[in-house]
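Asks: Using the sequences and the hints, build the whole thing.
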Amino acid sequence: MKNLSRILSRYLFTAVLLLLLTLFLNVFLYIICGFQIVRATSRTASHVRVVAEALEITDGRVSLSGNGFDCLSQHYVWAMLLDDDGCILWQWELPQQLNHPYTARQIAAFSKWYLDDYPVTERITDYGLLVAAQERYSTWKQNFSDSIGIVDFIAHMIPVTLFINLLFVFLVVLVFGLRFYRSLRVLDKGIQDLSEQKPIRLPEKGMTELLAKQLNLTSDLLIRQKERLERRDDARASWIRSVSHDIRTPLSLIMGYASDLKEDPSLPEEQQRLAERIAHQSLKIKRLIEDLNLTSRLEYEMQPLRITELKPARLLRTIVSDFYNQGLSDVHTIDLYMDPDVEQVVLSGDAALLTRSFSNLIGNSIRHNPDGCTVSVAAGLQSSGSVCFQISDDGCGIPDAVLQALTAAPAHTEKAPHIMGLRIACQIFRAHDWQVEFADANTVRIVTG
Amino acid sequence: MNHIYEARILLVDDNPEILEMLENILARRGFLSLRTAPDCEKARELFSLYMPELVVLDIMLPDGDGFSLMRDFRLVSDVPVLFLSARDEDNDRLLGLGLGADDYITKPFLPDELVLRLTAILKRTYFSRLRQEPEDPPLVLGDRTVFLKSGIVRYGTEERTLTAKELALLKKLYENRGNIVTFDALSDAVWGENYYGYENTLMVHVRRLREKIEDHPSAPVWLLTVRGLGYRLVRDRKELS
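First to last, the protein sequences are chains L and U. For the first sequence, our numbering gives the first residue as 1, with consecutive numbering after it. For the second sequence, our numbering gives the first residue as 1, with consecutive numbering after it.
Hints were generated in silico from the structure; no laboratory data involved. Accuracy of the hints is not assured; some may be wrong.
Simulated pairs of lysine-lysine, BS3-like, Cα-Cα distance not exceeding 25 Å [stated by the list, open to error]:
| hint | chain 1 | residue 1 | chain 2 | residue 2 |
| --- | --- | --- | --- | --- |
| 1 | U | K149 | U | K171 |
| 2 | U | K165 | U | K212 |
| 3 | L | K311 | U | K172 |
| 4 | L | K311 | U | K165 |
| 5 | U | K149 | U | K212 |
| 6 | U | K212 | U | K171 |
Label-pair restraints from in silico Cβ distances [said to hold, decoys possible]:
| hint | chain 1 | residue 1 | chain 2 | residue 2 | range |
| --- | --- | --- | --- | --- | --- |
| 7 | L | D233 | U | L97 | 39 to 45 Å |
| 8 | U | L116 | L | L267 | 21 to 27 Å |
| 9 | U | L116 | L | S266 | 50 to 56 Å |
Predicted model, so just to flag it, every value in this text is computed and none were measured. Think of the CB as a built atom: it goes at the ideal place given N, C-alpha and C, for glycine as much as any other residue.
Replies: And the structure:
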């Protein structure tokens with residue numbers, strides 16, 4: 001939702017920015033054009049002034065000096081000089097039909113508009129009124145006059161109109177933005193639900209119709225996929241459960257009878273020893289079945305975690321002590337290094353499962369180093385408040401194949417070596433959202449979430 | 001019943017081979033009165049006729065389940081029940097124990113373990129009240145004798161008294177003699193749950209205890225420190241050598 005508000009505010013901001021930019025561009029262009037127009041007008045005025053100033057009377061006759069004539073012939077098609085009575089004192093290239101005295105009414109008319117469709121420019125000189133004409137249809141003449149009140153009003157209305165325009169555009173943008181926001185909100189909710197694996201059915205209409213359709217399709221696809229995965233997981237888990245269940249009864253018989261035989265005094269010693277081996281191997285199968293069941297339950301998230309508060313320092317001391325108390329051989333040593341800060345740390349977790357995973361890791365080091373090794377178990381507090389556990393040994397280390405199998409997806413570990421104990425340990429830590437990292441073949445590091 | 005081996009035991013399991021094996025195992029260990037039932041119906045019939053003093057129950061039975069069978073039995077009697085099941089899920093275990101079962105063993109099982117647990121239930125149920133609590137034998141640590149009940153340490157003609165905390169420490173160590181007892185477990189025993197965190201306090205008490213039970217408290221031979229973990233009371237003289 002926060003994202004959506006950001007999108008909407010950005011949209012509004014962009015729209016207003018666009019509007020202001022357009023406005024500035026227009027003002028800029030208006031100023032440029034106005035400047036050009038003013039320049040052109042003043043140019044026309046300056047031409048006629050040049051001509052007017054070049055007029056002179058010699059011997060009672062009006063004549064035009066050289067540069068005045070050049071300017072006239074360059075910019076005008078004809079010209080005439082009228083005296084105060086409207087009679088022509090002087091003329092140049094004046095068409096025949098215009099060569100006549102002009103009344104005051106005629107002068108007033110062409111000074112505002114055109115003379116025989118010629119756009120004319122007038123200038124009062126010492127000798128009379130100079131009238132110069134440009135090419136027909138080359139200039140648009142207009143007259144503007146209004147009351148000062150109206151002009152003032154227009155001057156005041158410009159900022160008001162500008163403001164009203166801006167407000168109108170802002171409101172239009174806001175209305176469209178809100179409509180857009182509403183349709184996006186539906187999509188946003190849909191995407192959020194989709195990310196939480198909830199089924200969605202969005203209304204397929206409006207401007208987001210196509211997007212909604214695609215999202216609905218994706219949701220259907222994901223649901224089908226999820227159902228297929230769940231069915232497959234259920235089938236796998238129940239298969240493992242039923243197989244292990246079915247094995248338990250015959251294995252009980254094997255273990256029971258083998259235990260009986262190994263203690264049967266009527267049997268020769270060799271046969272008693274063989275019976276003991278059968279009993280021992282049956283016990284191994286029993287543990288394997290239990291591990292297989294636990295790993296499958298953890299894999300398919302069917303193992304509920306019994307979360308309680310636990311002190312990691314206490315947990316580790318108990319685990320390490322148990323190893324010693326259960327009879328650790330003299331060639332093995334387990335050293336525990338506890339950061340004093342960890343003593344007061346309380347974590348949430350399934351104590352039984354965590355005990356099992358730490359024991360698995362320590363037990364692995366011991367089991368795979370029958371000639372002896374020193375296992376170091378350390379716990380420290382990180383600056384983030386997480387606890388970092390490290391279990392390392394100076395023994396043979398975890399083979400590469402096992403490390404690879406541990407980091408690979410379960411589907412690709414069919415040919416992997418037997419790593420049930422390690423896998424379960426990793427699964428338990430990950431089920432607690434703790435990170436497991438094999439720093440090297442001899443060191444595993446676990447960081448709490 | 002004068003002895004646990006005279007206890008009437010009813011074994012219920014849908015697998016006849018398991019029943020046969022259980023019967024053999026228990027008979028060989030000396031149990032005299034055993035009956036078997038392959039289903040709920042037969043189990044109910046035998047229960048009312050035979051009035052067993054202990055029932056070993058499977059959970060999955062052809063005509064019902066062990067949980068409801070136990071409920072039925074418990075309506076008329078407080079007979080102890082031990083579940084023996086191929087179902088190892090925590091929920092089943094918790095359900096069984098929650099219903100009041102005395103123990104829960106998953107198949108496959110070690111016969112010795114089954115017999116031990118079964119014997120423990122019988123002793124607990126039928127003989128605990130009758131059994132005389134034997135007085136704890138005095139704890140002999142070299143030339144010193146500790147009387148745990150009175151908290152007195154005798155050394156020749158000299159006698160010293162242990163404080164309550166020293167006695168609690170020594171009792172905890174004695175109960176786990178030969179094993180490491182963690183700082184946490186010792187603190188729990190002396191001060192109650194989750195007290196640990198004051199290692200120095202514990203060390204002070206251990207030092208005072210050593211002054212009373214060791215010849216050379218600074219070089220102890222009976223109450224040993226296990227670095228980083230806790231303390232250990234040496235099992236016997238043999239271990240000392």
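Asks: Could you run down the list of hints and mark each one as holding or not?
Replies: Hint check:
Straight-line distance between C-alpha atoms of K149/U and K171/U comes to about 10 Å, which keeps the hinted pair within the 25 Å bound. Restraint check for K165/U and K212/U: the C-alpha separation of about 13 Å stays at or below 25 Å, so the hint holds. Between the alpha carbons of K311/L and K172/U the distance comes to roughly 21 Å, so the proposed pair stays at or under 25 Å and holds. Between K311/L and K165/U, the direct Cα distance comes to roughly 24 Å. Compliance with the 25 Å bound is thereby established for this hinted pair.
The straight-line distance between the Cα atoms of K149/U and K212/U is roughly 16 Å, inside the 25 Å bound, and the hint therefore holds. The hinted pair formed by K212/U and K171/U meets the criterion: a straight-line CA distance of about 14 Å does not exceed 25 Å. For the hinted restraint 39 to 45 Å between D233/L and L97/U, the CB-CB distance of approximately 29 Å leaves it violated. Evaluation of the 21 to 27 Å hint for L116/U and L267/L yields a pass: the beta carbon distance comes to about 23 Å.
At roughly 24 Å, the beta carbons of L116/U and S266/L sit outside the given window of 50 to 56 Å.
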